[in-house]
Amino acid sequence: MSAGAQTPSQRSVQTLAPARRRSVARRRVVNQLVTAGAWVAATIGIAVMGWIVVTVVRRGIGAISWSFFTELPPGPGEAGGGLANAIVGTVVITLGAALIGIPVGFFAAVYLAEFGRGGRVATAIRTITNVVLGVPSIIAGMFAFAILVKPLGHYSGLAGSLALAFIMLPVMTRTAEDILNLVPNDLRESALAIGAPRWKATMGVIVRSARGGLITGAILAVVRVSGETAPLLFTALSSPYWLEGLFGPAGYAGGPTANLTKTVYDFATSPYQNWQDLAWGGALLIIVAVLGVNVLARLVFQRGKEWH
Amino acid sequence: MALTMTDVAEGRPTIAPPRVAEVAGGQRTSEEFDELPSKLSVRGLDFFYGEERALCGNSLEIKEHRVTAVIGPSGCGKSTHIRCYNRIYELYRDHKAGGEIWFGGRNILEPGTDLLELRRRIGMIFQKPSPFPMTVFDNIAYGLRLHFKLSKGELADRVEDALRRAALWDEVKHKLKEPGLALSGGQQQRLSIARAIAAEPEVILMDEPCSAIDPVATAKIEELIEQLKSQYTIVIVTHNMQQAARVSEYTAFFYEGYVVEFGPTTQIFENPREKQTEDYITGRFS
Numbered sequence: 069m070s071a072g073a074q075t076p077s078q079r080s081v082q083t084l085a086p087a088r089r090r091s092v093a094r095r096r097v098v099n100q101l102v103t104a105g106a107w108v109a110a111t112i113g114i115a116v117m118g119w120i121v122v123t124v125v126r127r128g129i130g131a132i133s134w135s136f137f138t139e140l141p142p143g144p145g146e147a148g149g150g151l152a153n154a155i156v157g158t159v160v161i162t163l164g165a166a167l168i169g170i171p172v173g174f175f176a177a178v179y180l181a182e183f184g185r186g187g188r189v190a191t192a193i194r195t196i197t198n199v200v201l202g203v204p205s206i207i208a209g210m211f212a213f214a215i216l217v218k219p220l221g222h223y224s225g226l227a228g229s230l231a232l233a234f235i236m237l238p239v240m241t242r243t244a245e246d247i248l249n250l251v252p253n254d255l256r257e258s259a260l261a262i263g264a265p266r267w268k269a270t271m272g273v274i275v276r277s278a279r280g281g282l283i284t285g286a287i288l289a290v291v292r293v294s295g296e297t298a299p300l301l302f303t304a305l306s307s308p309y310w311l312e313g314l315f316g317p318a319g320y321a322g323g324p325t326a327n328l329t330k331t332v333y334d335f336a337t338s339p340y341q342n343w344q345d346l347a348w349g350g351a352l353l354i355i356v357a358v359l360g361v362n363v364l365a366r367l368v369f370q371r372g373k374e375w376h
Numbered sequence: 140m141a142l143t144m145t146d147v148a149e150g151r152p153t154i155a156p157p158r159v160a161e162v163a164g165g166q167r168t169s170e171e172f173d174e175l176p177s178k179l180s181v182r183g184l185d186f187f188y189g190e191e192r193a194l195c196g197n198s199l200e201i202k203e204h205r206v207t208a209v210i211g212p213s214g215c216g217k218s219t220h221i222r223c224y225n226r227i228y229e230l231y232r233d234h235k236a237g238g239e240i241w242f243g244g245r246n247i248l249e250p251g252t253d254l255l256e257l258r259r260r261i262g263m264i265f266q267k268p269s270p271f272p273m274t275v276f277d278n279i280a281y282g283l284r285l286h287f288k289l290s291k292g293e294l295a296d297r298v299e300d301a302l303r304r305a306a307l308w309d310e311v312k313h314k315l316k317e318p319g320l321a322l323s324g325g326q327q328q329r330l331s332i333a334r335a336i337a338a339e340p341e342v343i344l345m346d347e348p349c350s351a352i353d354p355v356a357t358a359k360i361e362e363l364i365e366q367l368k369s370q371y372t373i374v375i376v377t378h379n380m381q382q383a384a385r386v387s388e389y390t391a392f393f394y395e396g397y398v399v400e401f402g403p404t405t406q407i408f409e410n411p412r413e414k415q416t417e418d419y420i421t422g423r424f425s
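From first to last, the protein sequence lines stand for chains A and B.
Numbering of the first sequence is given in my numbering, commencing with residue 69 and proceeding in unit increments.
Numbering of the second sequence is given in my numbering, commencing with residue 140 and proceeding in unit increments.
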């Protein structure tokens, strides 16, 4: 403390000169400018998204018909046909990815949030997860290509699932960890204080308490990968044929597997009008499916909250 | 004013040392106190949150079938102290306890203690009622299933018994299939007590059990404590001195991690031997 400094009690008795008032007019103007700026930015953002959706709906709706969901793609210039094989393929590849990515991601999150809490291993895993979260999705495709396509000598839907699972894993892990961290420690302590072993307290009480959020997180992780194209480019590739079983040259693990995103990519870049129309139809289907699953996830989350 | 490990190791006096830190030896307390068997003997208990020292050489005798109240200002270590009895602090990596807590013929702070059995024998009620995310019935059955092999009928009987002992049965007997979280705050706290009782503990620790519930619910819990002490040994942490005076036979006054004074509740409240105890009880500091 420097010499001559006042103690708090001395300072409080001193009379201060009246403070100059800020300009009310200026504040009003700044307020209006900021409000207008936010409003304009929001409008532009929503307008662009609305534009995309409107365009896709307008151009894609014509392609949607019964045959769109039931028939194989037509040849160039042929009438009719659909993307049925690609729809089936996308569902199978995404389910395969979910079967790998969700359980692994969930248990990784349980480790991070419960068993490894605050430890060095957990910190290392969390850092790696954050890095992987930012890796471009085409790298995931290259990874699956290197470990599955190259050794086996052929493209496959399974390789596509692996690539998608690789993208899904960090999303699932971080989301689930965040959700588990929201469970108050009171509940952890209560479960342990009754004499529950750590794993039972975790699975029976903590996870149960967070299950609405965990299911929502899992659904959103699936949504996150369902629209991916790049990882499928050199894993699942594409196919004009139906998926035939799991193995064998036309099967899920045995050969190239038709899927929506790659088919949209191929058809949209083709010179044929009927293929371009089908590509718009495929794009519309993807948007509607993603929207539908998002709504489902929200409903699950709401129901999960009601229990509490 | 945090004590660190280095301070303690170097014997540096960091706070005014309380004049009586080893009251629990027994020479200052009444004869009845000396004769009663101890359920828990705490000797020289230290506790560290990482580097920060929270408890300094606590010694206490917890008497069987009596209610012991632990009082003191916020941050004095009273919750930290009882959280050592069931080693619940071990959930957190950097929390460490030293010293001895004797229970059932062994020092439970030693490695090799079966924590699941320890926590069955020493139940705990927390400040915030935390029903498990399941039905009222399953909340009670959870502890029972953990520790006992029971038929469906036996399970139902024991759930009812635990709820009756926690004075909750009449209020929830038609709500057994409803979520535990649908009960009121006071009911949730009695549900927590029933859940602890179901595991057939010998000691029940209560960490400010009434601070999150209303006065009517508090009165019910206090009534319940009165009934429970014939079968269980109870240790209750409270910042409510009237509550300590109402429910307990013995009181320990904590200040800055030390047990400043420990003895029969009437003596602590009517005739405290320590200046710090008197100041706290008469409200001169909080």
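Keep in mind that the hints were calculated from the coordinates and are not lab data.
Values in this document were obtained by computation on a predicted structure and should not be read as measured data.
The beta-carbon is built from N, C-alpha and C at its ideal position, and this holds for glycine as well.
Among the hints, a few may not be true.
[What the hints assert, rightly or not] Label-pair distances were calculated between CB atoms; the ranges are:
1) A:Thr195 with B:Val355: 17 to 27 angstroms
2) B:Ser323 with A:Leu250: 47 to 57 angstroms
3) A:Phe137 with B:Asp300: 35 to 45 angstroms
4) A:Ala93 with B:Glu317: 51 to 61 angstroms
5) B:Glu203 with A:Val363: 30 to 40 angstroms
6) A:Ala93 with B:Ser323: 35 to 45 angstroms
7) B:His313 with A:Pro252: 23 to 33 angstroms
[Stated by the list, open to error] Here are the simulated lysine-lysine pairs, DSS-like style, with alpha carbons at most 25 angstroms apart:
8) B:Lys288 with A:Lys268
9) B:Lys312 with B:Lys235
10) A:Lys268 with B:Lys368
11) B:Lys312 with B:Lys288
12) B:Lys202 with B:Lys368
13) A:Lys268 with B:Lys316
14) B:Lys316 with B:Lys202
15) B:Lys368 with B:Lys316
16) B:Lys291 with A:Lys268
Hint check:
One distance hint, 17 to 27 angstroms for the beta-carbon pair A:Thr195 and B:Val355, is violated here, with the actual separation near 51 angstroms. The hint said 47 to 57 angstroms for the Cβ distance between B:Ser323 and A:Leu250, and at roughly 24 angstroms that hint is violated. For the pair A:Phe137 and B:Asp300, the beta carbons lie near 60 angstroms from each other, so the given range of 35 to 45 angstroms is not met. Look at A:Ala93 against B:Glu317: about 59 angstroms separates their beta carbons, and that is inside 51 to 61 angstroms.
Taken as a hint, the range 30 to 40 angstroms is violated for the pair B:Glu203 and A:Val363, whose Cβ atoms sit roughly 60 angstroms apart. For A:Ala93 paired with B:Ser323, a C-beta distance near 54 angstroms fails the hint of 35 to 45 angstroms. A hinted range of 23 to 33 angstroms holds for the C-beta pair B:His313 and A:Pro252, which are about 29 angstroms apart. For the proposed pair B:Lys288 and A:Lys268, the alpha carbon gap of about 16 angstroms is at most 25 angstroms, so the pair holds.
Taking the CA atoms of B:Lys312 and B:Lys235, the gap is about 42 angstroms. The hint is violated against a cut of 25 angstroms. Distance check on the hinted pair: A:Lys268 and B:Lys368 sit about 30 angstroms apart at the alpha-carbon level, beyond 25 angstroms; violated. Under the criterion of a C-alpha separation no larger than 25 angstroms, the hint pairing B:Lys312 with B:Lys288 is consistent with the structure, at around 24 angstroms. Simply put, B:Lys202 and B:Lys368 have alpha-carbon atoms about 11 angstroms apart, close enough for the 25 angstroms limit, and the pair holds.
This hinted pair checks out: A:Lys268 and B:Lys316 have alpha carbons roughly 22 angstroms apart, not beyond 25 angstroms. Between B:Lys316 and B:Lys202 the CA atoms are separated by roughly 38 angstroms; this puts the pair beyond 25 angstroms, and the hint is violated. Between the alpha carbons of B:Lys368 and B:Lys316 the distance comes to roughly 30 angstroms, so the proposed pair goes past 25 angstroms and is violated. A C-alpha spacing of about 21 angstroms is found between B:Lys291 and A:Lys268, which places the hinted pair at or below 25 angstroms, so the restraint holds.
In the structure shown, a violation is registered for the earlier hints numbered 1, 2, 3, 5, 6, 9, 10, 14, 15, in ascending order.
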